[in-house]
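Asks: Be aware that the sequence shown starts at 0, since it is given in numbering that gives the first Met the number 0, and climbs by one per residue.
Think of the hints as simulated: they come from the structure by calculation, not from any bench.
Please read all numbers here as calculations on a predicted model, not as lab measurements.
A portion of the hints provided could be inaccurate.
Unchecked claim - With a straight-line Cα cutoff of 25 Å, these simulated SDA-like cross-link-like pairs (lysine to any residue) come out: (1) K61 with I33; (2) K52 with A68; (3) K12 with A68; (4) K52 with K12; (5) K17 with S31; (6) K17 with V87.
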Amino acid sequence: MLGNFLNKQMLGKMDAMKQQLEEIKAKLETISVIGEADNATVRVIASGNRTIKEISIQEDFKNSASKAALEQAITQATNRALEQATRVEQAEMSHAAMGLLPGLG
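Construct the complete structure from the given sequences, taking the supplied hints into account.
Replies: Structural data, given as structure tokens:
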């Protein structure tokens, strides 16, 4: 009897966690983060779910930069945007965990 009660309680918590995870994913999709190259010639916008939404390259840089410089700037800006998105995601998940699992805060 007690085991059955505990199983139902755990299933209820798992359902709540699953629902909250879906809500977090939806929220993260609405959040935008920006990563820029050191010289601010390339800007990448990503969602909180780490999906690249946009890459902007300054026209004069695009026309004058070497292929290697352009690739390096795009890589740097992309990595920075993805790092920001990861931090946002971790913060959201941590906040959710505190609400669902006592003792994690």
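Asks: Check the structure against each numbered hint from earlier and tell me which ones fail, lowest number first.
Replies: Hints 3 and 4 contradicted; others consistent.
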